[in-house]
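Q: Can you build the whole structure from these sequences, using the hints too?
Protein chains in written order, with my numbering: chain L, 531 to 809; chain S, 37 to 322.
These are calculated hints, taken from the structure and not from any lab test.
Each hint should be verified, as a subset may be incorrect.
Chain S stretches covered by chain L per the calculated footprint, using a threshold of three residues with CB under 8 Å from any CB of chain L [claimed, not checked]:
hint, region
1, 87-97
2, 143-157
3, 228-235
Residues from chain S shown here face chain L by an in silico Cβ test under 10 Å; the list is partial [what the hints assert, rightly or not]:
hint, residue
4, Arg50
5, Gln56
6, Asp83
7, Asp204
8, Gln243
9, His247
10, Asn311
If you want the ones that stay clear, here's a sample from chain S, every Cβ over 12 Å from chain L, calculated [stated by the list, open to error]:
hint, residue
11, Leu63
12, Ser64
13, Asp75
14, Ala107
15, Ala114
16, Glu213
17, Ser217
18, Asp222
19, Ala246
20, Ala251
21, Arg256
22, Glu275
23, Gly277
24, Gln285
25, Gly306
26, Gly322
Since we're looking at a predicted model, the values are computed, not measured.
Yeah, the Cβ is synthetic: ideal placement off N, Cα and C, and Gly gets one too.
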Amino acid sequence: MSYSAEISRSSPACVILMIDQSASMEDPIGGDAPGRKADVVADAINRLLTELSVKCAKEDGVRDYFHVGVIGYGHTTVGPAFGGVLAGRDLVPLSQVADNPARIEERVKKVPDGAGGLVESVVRFPVWLDPKANGGTPMVRALNHVAGLVSGWLAEHPGGFPPIVLNLSDGESTDGDLVAAAASITGQASADGGVLLFNLHVSAAGGTPAEFLSTDVSLPDQHARSLFAASSVLPPSMLAYAASQGKAVNEETRGFVYNADIAGVVQFLEIGTRATELR
Amino acid sequence: MLSPYVDRYLVPKRGSTSEQCEDAIELSAGPGQDRRTVDTIVAVVCDGASESILAGTWAGQLAARVVQEAASRPGLAAQRGGLAQAICAAAWAWADWSEVYVADRIAAGRPIAWYEQPKLDQGAFATVLAVELVATRRGRHAGDDMMVVADTVSEPREWSWYAAALGDTCLFHVRDERLISAFPLDDVAGFGVSPALAGSRNRDMDQLAAHTALASGSCRPGDQVFLATDALAAWFLAEHGRGARPWWQLRDFAGRNEEFAPWIEQERTGHRMRNDDVALVHIDFG
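A: Here you go:
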């Protein structure tokens, strides 16, 4: 259980993104950040897929170090949430994900101007899915669906890096105890380690955005505490990387983010020598 | 002592083709060169960072440029700032090269994809180990000017090495069945996924020089010097740490180069070596 298995084309890993598409996601996110929760999680999914694709990009295309699924849940529906030509597919090799966004938008981004200031620049922003908010929150059914995908993956890759599941939600499950259902995912393992479940909680309750907490004492409500309880402790290699980036982590730190950016979690994954400038 | 025999080996990681290998080796003196008359040999090994784009191309250009710079400025690996200057020269050349690359991709109907652009903007990255082997005349005195043009075939010479390293590509010097130098790392715990790297956009000479490590040594007949990228270097230090003599295996491939890649695969399969590109230069003073 060392979380040290190689992630490569010959030994790929599995990443499953779960997105809450229930009616409560129509509400605004708390705190100073504007926008609906549905917009925030859809944007986060698109940025996670972008970060993962860029991380694995080489001059001959994106390498299939990962197979990726996006599972949406809302109203009476649990299932694949990709838009465009990938619609209806569960686990997709990353190169196909990268080559098939539903569309590519152009967005204005502020980038360093090289002289200490910022300048506006147009960047390409791929979109695989749009915000959606409808009906109840069948999170337990979604977690059980993902547990099935994870089980299938592990049967084919018993020695590989364990699957990583990222769940983006406001935590308001309407079909049962999400903590117990999450255990159907985290109770599975490859020879390299237990399956990892990380949660991004988007909440209207406000409070201070936080990433990678070690305790739930600062969390505002039971929804947040449930998602925290359902989140895996970060394995040693990820803790070491988080610490190297200046994050305050310890052996109890969980993969739980509250109203903050989760796309950076992609950088926790090791696929080889990191490309970083000297400091 | 005659010039050493220099051999080189490159093996891509399992799952990659030889064209996708991102390690690079550049030597100033090939095996075909007359060993009796060579008095300087430059060997450069670079390891392209797997997360960067065009890492193999950058590693190859960087290694070639450092050898070229060492030819025009002997002592490059012996002076702080020598390697940094060569890296900056390679980075300036990369800027021109990458403009042509982008234009060629457009002309070929395969413009830079959205997922390539951020990495192209960031640049490519690689480690660098530059080693200069220099022959000096033995017993030379100040009044021996008449011997300057002495016959290099018969005149006794001594060899010294000077090494400059940025990152975790290593040099190992073995004498009398003992590892007498391991540079810049001497402990397997020192390897990781974030070594110091030469970036293709980094032209900060002072910063590059500050991160460059220097070392030197002198050689005797029978000595063996190995230059290795991280996977093989980590294997070497781990084997040495458990009391083995890893140079026994590495020196045995001289003249049997075709057996090197299968042996690497055997070590990977046995989980004794990480699956990564491997570059090895073997310098044999035997």
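Q: Report holds if the minimum CB distance from S:Gly322 to chain L is greater than 12 Å, and violated otherwise.
A: Nearest chain L Cβ is 33 Å from S:Gly322, so the label holds.
Q: Against chain L, does S:Ala114 keep a CB gap of more than 12 Å to every residue?
A: For S:Ala114, whose nearest Cβ neighbour in chain L is about 22 Å away, the distance exceeds 12 Å, so it holds.
Q: Decide, holds or violated, for the assertion that all CB atoms of chain L are farther than 12 Å from the CB of S:Asp75.
A: holds, 34 Å
Q: At a threshold of 10 Å, is the proposed contact between S:Arg50 and chain L supported by beta-carbon distances?
A: holds, 6 Å
Q: Just double-check S:Asp222 for me: nearest Cβ-Cβ distance to chain L has to come out over 12 Å.
A: holds, 20 Å
Q: Counting residues of the region 143-157 of chain S whose CB is closer than 8 Å to a CB in chain L, do you get three or more?
A: holds (count 7)
Q: Would S:Ala246 pass as off the interface with chain L, using Cβ distances and a cut of 12 Å?
A: The assertion about S:Ala246 is violated, with a minimum of 8 Å to chain L.
Q: Decide, holds or violated, for the assertion that all CB atoms of chain L are farther than 12 Å from the CB of S:Gly306.
A: Consistent with the label, S:Gly306 stays out of reach of chain L, its closest Cβ about 14 Å off (over 12 Å).
Q: Holds or violated: is there a CB of chain L closer than 10 Å to the CB of S:Gln243?
A: OK, holds: S:Gln243 within 10 Å of chain L, min 6 Å.
Q: Confirm or reject the statement that S:Ala251 sits farther than 12 Å, beta carbon to beta carbon, from all of chain L.
A: Holds, because the least Cβ-Cβ distance between S:Ala251 and chain L comes to about 20 Å, which exceeds 12 Å.
Q: The hint names S:Asp83 as touching chain L; please verify it with the least Cβ-Cβ distance against 10 Å.
A: S:Asp83 check passes; min Cβ-Cβ to chain L is 7 Å, inside 10 Å.
Q: Please check whether S:Gln56 passes as an interface residue: C-beta within 10 Å of a C-beta belonging to chain L.
A: holds, 8 Å
When the structure is compared with the earlier hints, a violation turns up for hint 19 alone.
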